[in-house]
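K.L.:
Let's have the full structure, built from the sequences with the hints guiding it.
Chains as they are written, first to last, in UniProt numbering: chain A, 1 to 531; chain B, 1 to 183.
Hints in this document: simulated from the structure, not taken from any laboratory.
Please note that the accuracy of each hint is not assured.
Stated by the list, open to error - Here chain A is said to cover these stretches of chain B; the calculated rule only asks that three of the stretch's residues, wherever they fall, bring their Cβ under 8 angstroms from a Cβ of chain A: (1) 57–69; (2) 166–173.
Stated by the list, open to error - In silico lysine to any residue, SDA-like type, Cα no more than 25 angstroms apart, as pairs: (3) A/Lys-75 - B/Val-150; (4) A/Lys-49 - B/Met-77; (5) A/Lys-49 - B/Asp-36; (6) A/Lys-75 - B/Thr-60; (7) B/Lys-53 - A/Ser-122; (8) A/Lys-158 - B/Ala-173; (9) A/Lys-184 - A/Tyr-159; (10) A/Lys-214 - B/Glu-46; (11) A/Lys-97 - A/Asp-114; (12) A/Lys-201 - A/Leu-191; (13) B/Lys-40 - A/Asp-161.
What the hints assert, rightly or not - Per the computed footprint, the stretches of chain A lying under chain B, defined by three or more beta-carbons under 8 angstroms from a beta-carbon of chain B, are: (14) 61–75; (15) 94–103.
Because the structure is a prediction, the values reported are computed rather than measured.
All C-beta atoms in this analysis are idealised placements derived from N, C-alpha and C, irrespective of residue type, glycine included.
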Amino acid sequence: MAKMRSDRLKIVFVLCLAFVSIGGQHFESKVAQLLRDESEDIKCFVEVKDLTCFWEEERNSLPDQYTFTYSYENKIKDCVVSSLSLLASNKTVFFCKLPKTPFFTTLDVKVSRDRRMLYSRSLNAENFMFLDPPRNLTVLSSGKEGQLNVSWLPPLLKYMDDSMIYEVRYAEEGSNMGKVEVIKVSTMLVLLGLQSDTRYKVWVRVKPDGVAYKGYWSAWTEPVLGVTQPSELDPLIMLLVLFIGLILCLLSMTVILSHQKFLLKKLWPDIPTPERKFPGLFTVYKGDFKEWMSQNNSSMWGRSVHVFTEELPSPLEVLSEVSLSSHGTSQREERKPVEEDEEKESERSDSGLPDRWREPPQAHWLMEQLRTLQENPQPLSQSLLPQSHDTYVTLNQNSQGDGVREVDDVFEETLPLQTLFTTAGTPSLNTSHSDLGSLQQSSGSGRLSSQSSFEYPNHTWPPKGPGYAYMAVADSGVSMDYSPMSSSRIVELGRHRMYTNDYKNEIFLHKWPLSGEHTKSGSDFCMGPIW
Amino acid sequence: MFHGSGLFAVLLMVLEWTRPGLSSPLRPICDLRVLDHFIKEAWDAEAAMRACKDACSIATNFTVPLTRVDFDVWEAMNIEEKAQEVQSGLHVLNEAIGSLQASNQTDVLQSHVDASISNIASIRQVLRSVSIPEYVPPASGGEDEETQKVSSISELFQVHSNFLRGKVRHLLASAPVCKQGVS
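P.N.:
Given below as structure tokens:
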């Protein structure tokens, strides 16, 4: 019995000590903290309900030597001074704990020793609250990624539950860089934006909000570890994504396979080649046009018109003025004065190259045709005819008066066709290159609309029949431009100078029924190289 | 007859809208943030008066209430006693600050004086909403019990601030109407 009683007493004593030590720890830690941070001689704080004021003295003195008085509302009261030894910093402080601390009134505190005032201070007790740290800090991972639920309990203090402000500090385990969140009144917080599958340390401290009560920040709580959820892909979503991806792949494959040819054609269009129009030219005759022509001469016209119409609208070249001017000088008078220069040019060129051009018998007829057309203008031709005049007129480019130069220009013009005839290979588009060059020249001049891409090699060209004319047409077609875009562009851009196949065909068709001979030259060519 | 009944209805509506006479009971204002707003304004007035020392000095004494709150004593008091203490204090404070309105003061001081007067009136409304008994003037001269004298305007506003933060706030926090499960 006695033994049991002694044991119980011991337990109670130990518990009491524990409580006192805990309380003392809080008190000591607060004193130590204020000793560091507070600069006043008398440092005061309120713990729970009582104001404690302390000061530091270096010399080894006794508490009895000090007199601590405080006054408020015309009342003066004494307080018993005690001493406290701080183990951590090895310092001794003297303090006084006011019993029944009056709040919301001005306190005048004085410390004197040997009747000599050492320190004094005037303060309101409610402005020096030093709260205990929050209790029961718990950190749990919320259901979502990168989030932690933090909750705690406020320190035990009456009247102040709704006027506390908290500060939550969190940092990755092992890292010193922490973030701080301030939260008012509420005792829980959800931390957002955290890394997944990471351990975090969380601290919390508390302070009065400063409206009714003011004070110092409490000490940080002990850190509590929390782990964020690892990032994981929802398996259902993964499955759905894969499934949808698979379906989309299958669909696209099906579409591609079903429209393979079409897509290929769109993405990688074939470069048009004239092989279709010239059966056997490249395969049998290896590009030898003469041979091919000679072989196919008889059957050519049957197809020519058809082929002609199939050709992409390309600017034809008008017959050189040379042929027309010799016959129709008087006819020219009716033309626009703009063309006069060109006429002169052509005349000069004509004079310079008398041998070059054999007047095609149909030239005169062609002029007649043009005139008739002009007099009875069709909607299409109306826009075209004046230009056709221009193009007709101008064979040579902006050569102004130098016959030699003209010759050169003409030679230059004839060059492509020569090349076409002489080379065995496929007609290279280099011809068009020179054409364009000359064309550009003409467009730059502004006067010459047409380019005589219509080339007649003066010596290498034995005049043949309609075949030549046709060939010339074709040649111009070949050399000019294959792409459908250009034809449409031609139609659009140079309205004043655009010719379409219709016009060409019209002339051509007119001619054929009239005479068996076909012009060999661009008498039926309207030109409109314009761009 | 129709006109008569219509006129009567209109008259009823008008009377109901204007409501002459006693007002209906107010909804209880238990949220302390309402009072915190007035307290913050009192803080501002106190700080402003502390700053202006020369211009705001006045050579008169003010009778102001006691602001001290001893928690042990306070918790032992019942609601009526607390109410009486608060209401009489508000009355005294109102008179002290009101005496400044008449005197010719700076604009800053005047604005704070006006704000404080209106805040005290609003606080009275708040206390009325939580069914705190109204001020009853003491039958016989009992003014000196809970009053003190201050000699400067800054002290006056300091008392004003302390009074609101202390007694008034704790009275409101402990109002029975607010503690009846209305959180």
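K.L.:
Each of the hints needs a verdict: does it hold here or not?
P.N.:
Each hint tested on the structure:
Coverage of the stretch 57–69 of chain B by chain A holds [criterion: at least 3 residues with CB-CB distance below 8 angstroms; count 4]. For the stretch 166–173 of chain B, the stated coverage by chain A is satisfied: 5 residues place a CB nearer than 8 angstroms to a CB of that chain, which reaches the threshold of 3. Of the supplied pair hints, the one linking A/Lys-75 and B/Val-150 holds, its CA atoms being roughly 15 angstroms apart against a limit of 25 angstroms. A threshold of 25 angstroms between alpha carbons decides the hint, and for A/Lys-49 with B/Met-77 the separation of about 18 angstroms falls inside it, so the pair holds.
Between the alpha carbons of A/Lys-49 and B/Asp-36 the distance comes to roughly 22 angstroms, so the proposed pair stays at or under 25 angstroms and holds. Pair hint A/Lys-75 plus B/Thr-60 holds up; C-alpha atoms about 23 angstroms apart against a cutoff of 25 angstroms. Only pairs whose Cα atoms come within 25 angstroms are accepted, and B/Lys-53 paired with A/Ser-122 is accepted, the gap being roughly 18 angstroms. Straight-line distance between C-alpha atoms of A/Lys-158 and B/Ala-173 comes to about 11 angstroms, which keeps the hinted pair within the 25 angstroms bound.
The straight-line distance between the Cα atoms of A/Lys-184 and A/Tyr-159 is roughly 16 angstroms, inside the 25 angstroms bound, and the hint therefore holds. Restraint check for A/Lys-214 and B/Glu-46: the C-alpha separation of about 15 angstroms stays at or below 25 angstroms, so the hint holds. About 21 angstroms separates the Cα atoms of A/Lys-97 and A/Asp-114, which keeps this hinted pair within 25 angstroms; it holds. For the proposed pair A/Lys-201 and A/Leu-191, the alpha carbon gap of about 12 angstroms is at most 25 angstroms, so the pair holds.
Restraint check: the Cα-Cα separation between B/Lys-40 and A/Asp-161 comes to about 19 angstroms, which is no more than 25 angstroms; the hinted pair holds. For the stretch 61–75 of chain A, the stated coverage by chain B holds: 3 residues have a C-beta nearer than 8 angstroms to a C-beta of that chain, and at least 3 were required. Given a C-beta distance limit of less than 8 angstroms, the hint that chain B covers the stretch 94–103 of chain A holds, as 4 residues qualify and 3 suffice.
In summary, the structure agrees with every hint in the numbered list given earlier.
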